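Chemist: The residues making up each chain are set out below.
Protein chains: 2
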Amino acid sequence: MSKTLTNRKDDYAQWYNDIVLKGGLADYSAVKGCMVIKPHGYALWENMRDELDKRFKETGHQNAYFPLFIPKSFLSKEAAHVEGFAKECAVVTHYRLKNDPNGGGVIVDPEAKLEEELIVRPTSETIIWNTYKDWIQSYRDLPLLINQWANVVRWEMRTRLFLRTTEFLWQEGHTAHATKEEAVEETKKMLEVYATFAEEFMAMPVIRGVKTANERFAGAEDTYCIEALMQDGKALQAGTSHFLGQNFAKAFEVTFQDKNNKQEYVWATSWGVSTRLVGALVMAHSDDEGLVLPPKLAPLQVVIVPIFNKDPEAQAKINSIANELISTLKSQNIRVKFDNDDNTRPGWKFAEYELKGVPVRIALGARDIANNIAEVARRDTKEKASVSLDNLAAHVVQLLTDIQNNMFQRALQFRADNTTEVNSWDEFVKVLEEKPGFISAHWDGTTETEEKIKELTKATIRCIPLNNKQEEGKCVLTGKASKERVLFARAY
Amino acid sequence: MSKTLTNRKDDYAQWYNDIVLKGGLADYSAVKGCMVIKPHGYALWENMRDELDKRFKETGHQNAYFPLFIPKSFLSKEAAHVEGFAKECAVVTHYRLKNDPNGGGVIVDPEAKLEEELIVRPTSETIIWNTYKDWIQSYRDLPLLINQWANVVRWEMRTRLFLRTTEFLWQEGHTAHATKEEAVEETKKMLEVYATFAEEFMAMPVIRGVKTANERFAGAEDTYCIEALMQDGKALQAGTSHFLGQNFAKAFEVTFQDKNNKQEYVWATSWGVSTRLVGALVMAHSDDEGLVLPPKLAPLQVVIVPIFNKDPEAQAKINSIANELISTLKSQNIRVKFDNDDNTRPGWKFAEYELKGVPVRIALGARDIANNIAEVARRDTKEKASVSLDNLAAHVVQLLTDIQNNMFQRALQFRADNTTEVNSWDEFVKVLEEKPGFISAHWDGTTETEEKIKELTKATIRCIPLNNKQEEGKCVLTGKASKERVLFARAY
Chain A
435 MSKTLTNRKD
445 DYAQWYNDIV
455 LKGGLADYSA
465 VKGCMVIKPH
475 GYALWENMRD
485 ELDKRFKETG
495 HQNAYFPLFI
505 PKSFLSKEAA
515 HVEGFAKECA
525 VVTHYRLKND
535 PNGGGVIVDP
545 EAKLEEELIV
555 RPTSETIIWN
565 TYKDWIQSYR
575 DLPLLINQWA
585 NVVRWEMRTR
595 LFLRTTEFLW
605 QEGHTAHATK
615 EEAVEETKKM
625 LEVYATFAEE
635 FMAMPVIRGV
645 KTANERFAGA
655 EDTYCIEALM
665 QDGKALQAGT
675 SHFLGQNFAK
685 AFEVTFQDKN
695 NKQEYVWATS
705 WGVSTRLVGA
715 LVMAHSDDEG
725 LVLPPKLAPL
735 QVVIVPIFNK
745 DPEAQAKINS
755 IANELISTLK
765 SQNIRVKFDN
775 DDNTRPGWKF
785 AEYELKGVPV
795 RIALGARDIA
805 NNIAEVARRD
815 TKEKASVSLD
825 NLAAHVVQLL
835 TDIQNNMFQR
845 ALQFRADNTT
855 EVNSWDEFVK
865 VLEEKPGFIS
875 AHWDGTTETE
885 EKIKELTKAT
895 IRCIPLNNKQ
905 EEGKCVLTGK
915 ASKERVLFAR
925 AY
Chain B
435 MSKTLTNRKD
445 DYAQWYNDIV
455 LKGGLADYSA
465 VKGCMVIKPH
475 GYALWENMRD
485 ELDKRFKETG
495 HQNAYFPLFI
505 PKSFLSKEAA
515 HVEGFAKECA
525 VVTHYRLKND
535 PNGGGVIVDP
545 EAKLEEELIV
555 RPTSETIIWN
565 TYKDWIQSYR
575 DLPLLINQWA
585 NVVRWEMRTR
595 LFLRTTEFLW
605 QEGHTAHATK
615 EEAVEETKKM
625 LEVYATFAEE
635 FMAMPVIRGV
645 KTANERFAGA
655 EDTYCIEALM
665 QDGKALQAGT
675 SHFLGQNFAK
685 AFEVTFQDKN
695 NKQEYVWATS
705 WGVSTRLVGA
715 LVMAHSDDEG
725 LVLPPKLAPL
735 QVVIVPIFNK
745 DPEAQAKINS
755 IANELISTLK
765 SQNIRVKFDN
775 DDNTRPGWKF
785 AEYELKGVPV
795 RIALGARDIA
805 NNIAEVARRD
815 TKEKASVSLD
825 NLAAHVVQLL
835 TDIQNNMFQR
845 ALQFRADNTT
855 EVNSWDEFVK
865 VLEEKPGFIS
875 AHWDGTTETE
885 EKIKELTKAT
895 IRCIPLNNKQ
905 EEGKCVLTGK
915 ASKERVLFAR
925 AY
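Same order as they appear, the protein sequences are chains A and B. Quick note, the numbering used here runs 434 ahead of the 1-based positions in the first sequence. Quick note, the numbering used here runs 434 ahead of the 1-based positions in the second sequence.
Think of the hints as simulated: they come from the structure by calculation, not from any bench. A quick note: this is a predicted structure, and the numbers were derived from the prediction, not measured. Be careful, since some hints might not be right.
Given that identical chains are not distinguished, each listed pair holds provided it fits within a single copy or across any two copies.
In silico lysine-lysine, DSS-like type, Cα no more than 27 Å apart, as pairs [said to hold, decoys possible]:
#, residue 1, residue 2
1, K466, K684
2, K614, K751
3, K614, K864
4, K443, K783
5, K511, K684
6, K771, K488
7, K903, K892
8, K790, K567
9, K914, K903
10, K696, K818
11, K864, K914
With the rest of the complex left out, here is chain A (with noise of 0.2 Å):
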């Protein structure tokens, strides 16, 4: 399979697929609809599943599992959330197989049909809200904070990976509360975990918001979302947070003795993030010559690559000096590894560690060992620096650091660069298709308009950013009086 990717400015979408699959980040499936996680894939969902597990434990939640099969009928319990998560699922009607007496392999059962159909879980709010009930008896019960992390099945027709898949991985937090002021508090708290884990070590800057009635998760009473801006200007959903009011402990009887002995329904907020981040990662920073890592998530950080020589001495001083320098990056917990395979040319491997979006790239080579120097590559920017051997080490570990903090502020200014505010109809339209972004314009509050908006552009309302400025405007389709502007943008 070649190596070389489709560049970004003449089929974005090819790019994306391209650099996924050669990467080594996912592959498709013999099922339609599911992908597989390859290894260099899995290990930066890993990263990202370890550093949030981090944060949520640190904000007192814990983790705990619940079944992957919900009885069809909790799914009409809560009259919202049927309505958004009934439809496109996976739906498991029988329990065994057996030989085909007629020899074709095995066929189901027809006597094995179970008696309520089960569905693989789309999301866990009804099973896990079924199990509170006997979990929560008095406020001595709560907060009950916790979290899941599982793989989840929505029927999808058009996939894409990562982004778009019948299955996929996720963390779901589902908490328990005696008051709608703490429960509020939570959400905002957890999105708030989500949006600093995104800038801090995705290097990618999103915008805090909560969603219109219209995009809100289906049994939620607001759902709060962080969005962050790709590189061809589609936003991407990058993680949501919800406020579930008590919708779903009236619909399974969850009450809790108050401190003055009264019943009271308990309230709910649930969040996640998913899978989808890994491709989010993708589109926000790589290139045409492949991924594009922070250091913070990057699976392998610096790699050290020998020029070979055939001076046997030369080599042994390049070995010596490689080794060196992993022993005092590893003590700082720096991920390195030294390629010294002797089946792969030099410039094989340094297009291969690109591809692989690996931060920083070391060559030593005996010409420039005599010169006390090496060879610093950094992804990021593709600069090449000669770098004093006397200096090596520390130079690697603060230029990880830069290279973090410049993904960051380059995304940022790539965000400001592509957010437009827009105050009539035909500049709305023209922005969106001469320079997508986010548009920040007015809107006059009602679905009409944003389904309206919608129709016409293909650009949904992303979210009302927190503490949004206020400012009277006119709505950019109808006219009508606003009281702020609000983000809109293609989206994925």
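Based on the hints, put chain B in the right spot on chain A.
Modeler: Leaving out everything else, chain B in the frame of chain A:
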């Protein structure tokens, strides 16, 4: 809910259920056969996972993720495999629900029937080898050393929390090799990874062995296993490692070009452990007061309980000693908690932490402190000691090591005391009834005899131990010639 447990001697099975439910490890769910893993149980699994994952990576493996669903036809491709796995499994037949036109919630949409049914994976050999076909072309692509952490489903009619559930969590390693020797070596290497993990981390001694043909994994040429002995004298298979020969390579046409440009079939292994290990951990060590956890796996290793004092000065002194101790222990990566909740009494806390299996409990009271001592209780032996405050942290660190070792030695002694060599059928039956445990006996090597013994006694051949002593003897049942003893037991 009362926290009192059934005694082991009165009803071992009920004791086990009590401890799992009341110790906060797991709960029944609304879906028959599926359990909810509660935070304390999940934390144990996480600690197991993290340690195993480290050991897998140290032995060169990478994680990946394959689809939850397997096309039905895949199961039929390997003849033995389909016999073993295609029977009791969850079958997805439809991909959509719709509103019931008669108003009864949602119903399965008959229009959304899948052309080919999908099976929720009971194990992933088939979907993985179907993928490996695309990943392996040349000897340069080998070995391929991949592991997956996932949920799997095997429909069970009679379930027991952790030990036998319809859905469970596990890891499954799937490796591909150029030669038979390499694959056999990998199979044994991973068995040893499991065995050392079980002994060093779970403090649970295991017999390393190989299964008889009758007990082999469906599709394997050899199944290696680790077998542990529970306190009721029943054996528990704690992990398996399979040499799969070329069976799956042939079923899925996975060949590679070797160094001589010849096309050869690839050699395979697979190996797995599951949340069953949590059940094994409980049954290997716990007692009538609750869980007894080995320090290396205990989510909480040390708890400090203050004995409240109305004198604020004495109380401040307790707090100050506790905080200093915590800071010292944390600096040594010990998981420690100061439980100064004043809503519950020390006696209640003592019972609670005993139930939860916290290895070390420190009580800090004003009178003891005045004498420069603290009371330190170890969970494994329930011994208490007065320890000088000057030496407290060092004492606790050493005690954690001692407890880990003691638990292993105690279990080892228990196994030695409950492994009996027998030389006649009468003896076999008598020992099985009066002193359950491993029975070491001669067997004539036939499946017929093995099944007859199982039918008569419910005892199965757990394994033929590795490096088994070769010794002439006569089969306990048939009197036919035998070259070695094998281990029998009743088993979970």
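Chemist: State for each hint whether it applies.
Modeler: We went through each hint and held it up to the structure:
no.: 1; hint: K466 <-> K684; in the structure: between (37 Å within a copy, 24 Å between copies)
no.: 2; hint: K614 <-> K751; in the structure: neither (66 Å within a copy, 39 Å between copies)
no.: 3; hint: K614 <-> K864; in the structure: neither (43 Å within a copy, 65 Å between copies)
no.: 4; hint: K443 <-> K783; in the structure: within (26 Å within a copy, 65 Å between copies)
no.: 5; hint: K511 <-> K684; in the structure: within (9 Å within a copy, 49 Å between copies)
no.: 6; hint: K771 <-> K488; in the structure: both (26 Å within a copy, 18 Å between copies)
no.: 7; hint: K903 <-> K892; in the structure: within (26 Å within a copy, 75 Å between copies)
no.: 8; hint: K790 <-> K567; in the structure: between (47 Å within a copy, 23 Å between copies)
no.: 9; hint: K914 <-> K903; in the structure: within (18 Å within a copy, 90 Å between copies)
no.: 10; hint: K696 <-> K818; in the structure: neither (69 Å within a copy, 43 Å between copies)
no.: 11; hint: K864 <-> K914; in the structure: within (21 Å within a copy, 91 Å between copies)
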